[in-house]
Structure formats: C-alpha cells, structure tokens
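Chain order of the listed sequences is F and U. 224 is the number that our numbering gives to position 224 of the first sequence; each next residue is one higher, with no gaps. 356 is the number that our numbering gives to position 356 of the second sequence; each next residue is one higher, with no gaps.
Please note that a few of the clues may not be correct.
Said to hold, decoys possible - DEER-style ranges, computed between Cβ atoms:
(1) F:A185 to U:A409: 34 to 40 angstroms
(2) U:G18 to F:E41: 56 to 62 angstroms
(3) U:Q383 to F:I226: 37 to 43 angstroms
(4) F:A143 to U:G18: 22 to 28 angstroms
(5) U:L15 to F:D227: 46 to 52 angstroms
(6) F:D60 to U:A304: 23 to 29 angstroms
Stated by the list, open to error - Part of the chain U face toward chain F, derived, beta carbon under 7 angstroms:
(7) M1
(8) L5
(9) A8
(10) S9
(11) G270
(12) I319
(13) M323
(14) G324
(15) A325
(16) R326
None of these hints come from the bench; they were simulated from the model. Just so you know, even glycine gets a beta-carbon here, dropped at the ideal spot from N, CA and C.
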Amino acid sequence: MSDTVLALRDLSFRWPGRAGFALTVPELTVARGEAVLLLGESGSGKSTLLSLICGTIMPDRGIVRIADEDVTRLSGGARDRFRAEQIGVIFQQFNLLPFGSVIDNILLPLRFAPRRRGRVAKPPDEAARLCAALGLPPELGRARAGTLSVGQQQRVAVARALIGQPPLIIADEPTSALDANSQSAFLDLLFAQLSASDTSLLMVSHDPRLGERFDRVLRIEDIARIDRVAA
Amino acid sequence: MIARLALASLMARALTVGMTILAIALSVALFLGVEKVRTGAKASFADTISETDLIMGARSGSVQLLLYSVFRIGNATNNVTWESYQDIAARPEIDWIVPISLGDSHRQFRVMGTSQAFFDHYKYRQGRSLEIADGAPMEDLFDAVIGADVAATLAYGIGDPIVVAHGLASFTEHEDQPFRVSGILAKTGTPVDRTVIVSMEAIEAIHVDWQSGAQVPGQSTPVEVIREMDLTPKAVTAALIGVQSPLQTFALQRAINTYGEEPLLAILPGVALQELWGIVGIAETALLAVSSMVVVTALIGMMATIFSSLNERRREMAIFRAMGARPATILGMLVFEAMVMAVAGALIGVALLYLGLVIAQPIVDEAFGLWLPIVAPGLREGQVVVAVVGAGAIVSLLPAIRAYRMSLADGMMVKS
Chain F
1 MSDTVLALRD LSFRWPGRAG FALTVPELTV ARGEAVLLLG ESGSGKSTLL
51 SLICGTIMPD RGIVRIADED VTRLSGGARD RFRAEQIGVI FQQFNLLPFG
101 SVIDNILLPL RFAPRRRGRV AKPPDEAARL CAALGLPPEL GRARAGTLSV
151 GQQQRVAVAR ALIGQPPLII ADEPTSALDA NSQSAFLDLL FAQLSASDTS
201 LLMVSHDPRL GERFDRVLRI EDIARIDRVA A
Chain U
1 MIARLALASL MARALTVGMT ILAIALSVAL FLGVEKVRTG AKASFADTIS
51 ETDLIMGARS GSVQLLLYSV FRIGNATNNV TWESYQDIAA RPEIDWIVPI
101 SLGDSHRQFR VMGTSQAFFD HYKYRQGRSL EIADGAPMED LFDAVIGADV
151 AATLAYGIGD PIVVAHGLAS FTEHEDQPFR VSGILAKTGT PVDRTVIVSM
201 EAIEAIHVDW QSGAQVPGQS TPVEVIREMD LTPKAVTAAL IGVQSPLQTF
251 ALQRAINTYG EEPLLAILPG VALQELWGIV GIAETALLAV SSMVVVTALI
301 GMMATIFSSL NERRREMAIF RAMGARPATI LGMLVFEAMV MAVAGALIGV
351 ALLYLGLVIA QPIVDEAFGL WLPIVAPGLR EGQVVVAVVG AGAIVSLLPA
401 IRAYRMSLAD GMMVKS
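Assemble the whole structure, with the sequences as input and the hints as a guide.
Written as structure tokens, this is what we have:
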C-alpha cells in the first residue's frame, strides 16, 4: 500500500446539460495521515470536486485514485460500496438522519461497508467509545439525532466518519454552522481522533483562519481550473 | 438497520403517514364491507326460501313463477285448477304441499291466501321457521296474519280491521268483508314481511259476489251467509311442495311438467334463485367495481404522499448515498415504506371491518333482514390484503424511481 491515499490526475469534468461549467484538476494528492485544507469560495467548484472524489459523479477524463484503486474504473454499485469502505463524509450541516438514534446514525456506513464493519469488533461499543472521545455524553446514544444541538450533531457526524477507520475523511465546511468557540473545540476533537487513527483528511472551507492546524493548505484556484462559458 | 431507519422515518412523518394508512384502511374496510354485504345479500337471497323442494304453478317461465310465488313480484298468467292441485297433492312422492293464492292486495302489500301448513313448512335462512311475534295464526275465516313490514308501515296492531282490495293497486275494495289482524309475524328479511296472509277459504269468500274480475252489480252476500257457504277453493296460484325423499324430486318435477290435464310447471327453487341472481347480480359486480376503485384511489393517494415527501427528503437520501447506499437501496427503502403503509392500512382495514360488523350486524338484520355472518378472516380477506400490499408496492415504484433518479443526480451534495 502506497503512502498516497488520494490522487487526482488530469481530471476534467463538465456538467451534462448545464452549459458553461467545466472543472479541470491537473493534479491533487493527499498522503496517508495528512490533513489538507482546500480553500475556496462558494461556487468555486468545491462540491463538484468532492462529488468526483466520492464517486457520485464521474469525470469525463482522468484518474481518481483512492487507496490504490482507480475509482473511475468501478461500476456504479462498486463505487458506492467503495465510498462506504474508504471514505468518511462530513457535511456542512444536517449530517444526520434526524429520526434515527445517534448510535444508528454512527453505525450507518458500516451497513454498506462489510470490510469496514469487519474492523470493528463490537460496533455499538465502538460507537459509544467514539462518542465519549468526542465529548458526547453516553446517554445521548439512544437519543434521536434530531434532538441534538448543531455542535453535538457535527460531533456525531465525525464519529460516523471515523468508525471503522476509513483511510480518508472528506469534510465539506463542517464548522461553518458553528460559532468560533465551538469551531475550535470541534477541530481539536477532530484532529485528536485523526492522529489516533492515522486517517487522512481533506477538508474544504472558505475560512483561511483554519489553516494553521493543517499540514498543507491549498487554494482551489491553484489546483483546479473552472471554465465558464456564458450560457 | 435500514428497515429500522425506514420505520423511524415513517414515524417521524406520523401525521401524513397516519392519514395515508387511514385512507387505505377505510378503503379496504369499505371493499371488504361491500364484499360482505354482497355475499350476505346473495346468501339472504338464496335463503329466501329453503327446504322447499319444488314450486308448482301454471306453465310460464321458471323465473316468473319464482318471482310471483316467492317474491310476490309480477302476476301469474294463469292459475292451477283445484282439481289438478288435488291430483298432484295425492301423488305418493309428496310429503307436504302448501297452496298459495295471490291476486289481491291491501294498500301496497300483497295478500296471500294459503293454508295453516304454510306456517309449518315455509322455511328461510337454512331452515328457520316463521315466528308469530304477536297474536296467533288465523282461526276465523276473516283472520289475517301480517308480516313485520306491513305492521310497521301501516302501524297495525292485533285486532285492527283491514280491507282487502281486489287486484293490485286497485280501488275496488272488498269492503263487505273486513278482515281482522290476528297475528303479526317476526321480521324474516324475506318477502313474507311484506305480505298479508289469509286462509284459502277467505280468498274464496271475498270473491263470492265477483265474476270475471268485477263485482256483480247490486249483489252483496251477507257475511253470515258466506260463512255457511262451501268455500273450497276453485284454483290456486302456486304451491310449495316438499317430497318424501330428495331422490324423488326430479321424478315429481317431470310428472308435474308432463301433467296431461293442464299445462303445469314445477321448478327447483334453488336453481331458479340462481337464475334470478344471475340477472340481479350485475348490480353486485358494479358495487364491487366501485369499491375497488376506492381502494385504487387510496393507493394513488399514498403515491401522491410519497411523491410530495421526496423533495423534503432529498437530504435524507443524500446522507444515505454519502454513507455508501446505492440508488437501488433508496428505491428499495421507498417501496418498503409503501408496503409497510399498505400492510398497516390493510390490517387496520380488516380490523375496522370486524368492528363495523359487530356493531352493524344486528342493525342491518333488523332494518334490512340482511344477515352478515361474522366469521374469521378467510382466504378472501387474505387475498385482498395481499393484493393491496402488492398494488401498494407497484404504485410506490413511480415515486421510488423518481427518488432513484434524484439520488443519482444529486449524489451526496444537496444544498438545502
């Protein structure tokens, strides 16, 4: 297994039917255990880039290599399975199924990732452990996720991304819904868990102040080109 | 876990989901209720007359004979002469025979002349006998026993006088011979409820001064004289026959149908009832069609509910997709949801049906003489539940396929 968890090469994508938006990424790599912050304003193609990495959309050209597997060569179903196995995803907000319990939310990716599940001996115990490590009171495990505060929900989302130790965590502005104090506490907890599990992080944000905690800070305009043709 | 989350998702939308389930439940209850009424009506219809082996009348059609002899609808084209009646009655196969004489009416109700044997041998609903609710059977020549509907509609009690009109809806009344109500029958749910029963002799008595359907002018025989007259009937309209052994039924039927003295007809009531139901049964099919449309409407309502929930659930689907769920899993979840709603609706519908039956059974029996049996859910109910769940799954495919497409296009990135 190489030390590169994520490698994009000569990637180009054009939204079908939507004239005037094309994304090209000559190269982007994330090493094992590395935390990379990708800075970009909204509308800069961040979401498209993340969708390409996660394999929910397919590039017209180029390679998306995650953990030594070229995602673009996989079939649709295999990509979904691969995503479940290899990537933990944290959204901006509304990460959780509000009607499900916290434990069920955390365990959800394991349902689609047998190998990831195989790495966890007792999933409910592991979920409880992660909750404790992320500063969530244990009695919250049975609570419906919708009843939690936004900060608590984001921490549950981290636990869900980390469970079963996928090699890569993709985070899309996970702190934007939090106030400054909570942001800092959230990142402390996130980084503590990342270093404990040797997991890589690719986080997208518009906030350059977060940069100091990361191994590397990239600007999206430096790694990707957006072509807009007037529609 | 997916099933648990899908159920939790349903619970989270309890109100709309509950309404959808209620709509399905009501439609299923309606459908099964119509089904019950339909089979109940058919059974009640077939139960109008039982344990009578043959009905005999002048030669006409079997349905016509059944209609006027049992349902008191329409008229006999001809009568059977008393001599022929006696001939047939004397045959060895006959166990019992009850003469029926029709043609007169009281208000809107038919008057039927018969013998005491009618009360012994007329059976309905699998062998039930007529019961006198109040009073006694005819004893005097001018006694009449009235059906429950007659008593209820005209507010008659025991001892009330009634006047019989000649013919039907006729204004020429046999005013000279007023009858007296001697008994009121219990409700049966058969045409007997709408019948005024008098003796065969009484029918003769009121026609003493009549010839060829018109009163002889100026002639009015006093009641006292009539009582002294020989009132042996000259004809009967029809006769109900019981045979000694069921094996003789067809032999006797053939004998009556080939009777040489005058053209007669004997019918098997069960067969004629089937024939008649074949005509009436079209309404039953229409009823069934309407109630199945209600079920279809409820299912389409469910489809609409699922459709309208899709937009607000894009986020939910995006989360599932991000966690690695395939679009097919999303499709499966929606179909599963629909099936859960359909199963719940169908089962609640069956429960509502039985609740309704328990409440309505005595009321319906009292009001319409329609007996709706309460039996454990059978094959029919099972079929309906399975059909509703299957149809629910099928109609949910449309929104599910839309969700499949949406989740393919949205992937895991939904800006909301």
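Quick rundown of the hints versus the structure:
Under the hint 34 to 40 angstroms, the C-beta atoms of F:A185 and U:A409, about 36 angstroms apart, fit the expected range. For the pair U:G18 and F:E41, the supplied restraint of 56 to 62 angstroms is violated, since their beta-carbon distance comes to about 45 angstroms. Taking 37 to 43 angstroms as the suggested C-beta distance range, the pair U:Q383 and F:I226 does not conform, at roughly 60 angstroms. Restraint check, F:A143 to U:G18: a C-beta distance of roughly 23 angstroms satisfies the suggested window 22 to 28 angstroms.
Between U:L15 and F:D227, the C-beta spacing of about 48 angstroms keeps the proposed range 46 to 52 angstroms intact. A hinted range of 23 to 29 angstroms is violated for the C-beta pair F:D60 and U:A304, which are about 38 angstroms apart. Annotation: interface hint on U:M1 holds; nearest CB of chain F at approximately 5 angstroms, less than 7 angstroms. With its C-beta approaching chain F no nearer than about 5 angstroms, U:L5 sits inside the 7 angstroms limit, and its interface hint holds.
The restraint placing U:A8 at the interface with chain F holds, with a minimum CB-CB distance near 4 angstroms, inside the 7 angstroms limit. Of the supplied interface hints, the one on U:S9 holds, with its beta-carbon coming within about 5 angstroms of a beta-carbon of chain F, less than 7 angstroms. The interface hint given for U:G270 is broken, as the beta carbon of that residue sits about 59 angstroms from the closest beta carbon of chain F, more than 7 angstroms. Interface restraint check for U:I319: the shortest CB-CB distance to chain F comes to about 6 angstroms, inside 7 angstroms, so the restraint holds.
Because the smallest distance between the Cβ of U:M323 and any Cβ of chain F comes to about 4 angstroms, under 7 angstroms, the interface hint for this residue holds. For U:G324, the interface hint holds, since its Cβ comes within 7 angstroms of a Cβ in chain F; the closest pair sits about 2 angstroms apart. Evaluation of the U:A325 hint against chain F yields a held restraint, the C-beta minimum of about 6 angstroms falling below 7 angstroms. Contact between U:R326 and chain F, as hinted, is supported at the beta carbon level, the nearest pair being about 5 angstroms apart and thus within 7 angstroms.
Checked against the numbered hints above, the structure violates hints 2, 3, 6, 11; every other hint is satisfied.
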